[in-house]
Amino acid sequence: MAEADCEASRRTGARKGDWVQIHDVILKPEQRAPQVPEDTRRVPLEMRVKGFIQHDASIGEEVVIKTYAGRLVRGRLVAVNPRYEHDFGEPVPELISVGMELRELLDSEPPAIPSEGGRGL
Amino acid sequence: MTDGDVASGGAGPRDLSYDAVMARRSEIMLASVGIDYNRFARGRIAFDYEGMMRETGYSLDEIERIQRETNVGRTPLIELRNITELVRRMSPPGKGATILVKDEACNPSGSFKARRASVSVYHAKKLGYKGVIAATSGNYGAAVASQAAMRGLKCIVVQEVYDSRGLGQPEIVEKGRACESYGAEVVQLSVGPELFYVFLRLLEETGYFNASLYTPFGIAGVETQRADRADPRRGDERRKTDVRIDRRFDGRRPRGGHD
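Those protein sequences? They're chains L and W, same order as listed. For the first sequence, our numbering gives the first residue as 1, with consecutive numbering after it. For the second sequence, our numbering gives the first residue as 1, with consecutive numbering after it.
Chain L extracted, bound-state conformation:
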């Protein structure tokens, strides 16, 4: 298979030995712990785990993987070579200028603030 074809096939499936992520439902809504709140009880307890797939399969199929710890785990194939991604959210406006304010304070002639103190940082 040409390299490009190989890449395309990995978006829809995995070959034996690929590093993949699977998904499984551990507890259905009616099986959940008695103490969970009402809204949590409406959804299942889900698990995602990664490992080496034991056979060729398409995304969405039931598969078996071998994890780093060596466990064989069954679940639905959701991703091949899953990407690590997250972001750090919006900047905090209060923190953008605080460094400049403190630097100004440090660079000014002491005492910058009357000695009653306690204005606090």
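No lab work stands behind these hints: they were computed from the structure. It is possible that part of the hints are untrue.
Claimed, not checked - Below, in silico cross-link-like pairs of lysine-lysine (PhoX-like), each with a Cα-Cα straight-line distance of 25 Å or less:
1) L:Lys66 - L:Lys16
2) L:Lys66 - W:Lys125
3) L:Lys66 - W:Lys130
Said to hold, decoys possible - Some residues of chain L that are not near chain W, with every Cβ distance over 12 Å (derived):
4) Gly13
5) Asp18
6) Leu27
7) Glu46
8) Ile59
9) Lys66
10) Val80
11) Pro93
12) Ile96
Ideal Cβ positions, reconstructed from N, Cα and C, are used throughout, including at glycine.
For chain L, the structure is supplied; the task is to place chain W on it using the hints.
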């Protein structure tokens, strides 16, 4: 391998329902950590904490030796000159202490949690367990994974990370990546108190050691933090600190203490 060896699917001989696993909790904990917590119960609500730590703990010297083996601790003590100066400018004359920070990010795995994980993982290895498991979504998971890698044990970290749409909490996703890079299996769950149930199931399935933050071993490992306030590698002299404030950047409130 037969299908019966595959973890999921409930084909095993034991009842894996929530209630059944929780009912086996004491037996699973005893097998996975070697401590019968019931022995230290005193009546219905009291617990002999000191007794438990005495019987199951390590001395400070032993802990230091264990931690040296995996380069834990002896982190630098750094004077924060700018912050000290700022505080003095805002304080009445004669007030304003020298502020020092102990840089716990210099521990392997990047946090003080390496101190706690080090003793658990050492103990697991000593008792002959093949692997360790921790149910944790943060720095402690990375610490256990890192210590297990150094000691040659398998490691499973169970995280509570996703919402019901499959959106993961960023810091936890990042810690999962760290754990995997240390060679741990990371089991990622949607939120719910059943994290503990899955943890018990994994302990039962694998026979691994329970490297929980809250065993005596996890607790004992942090005691060296107070003892090694100076960093001998940098030639600092041991200094007397008057007030100690622990702010561990792990989501807890600061804890203070006079040394």
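Hints, verified against the model:
no. : hint               : result
1   : L:Lys66 - L:Lys16  : 11 Å, holds
2   : L:Lys66 - W:Lys125 : 23 Å, holds
3   : L:Lys66 - W:Lys130 : 17 Å, holds
4   : Gly13              : 20 Å, holds
5   : Asp18              : 15 Å, holds
6   : Leu27              : 6 Å, violated
7   : Glu46              : 4 Å, violated
8   : Ile59              : 14 Å, holds
9   : Lys66              : 9 Å, violated
10  : Val80              : 16 Å, holds
11  : Pro93              : 20 Å, holds
12  : Ile96              : 18 Å, holds
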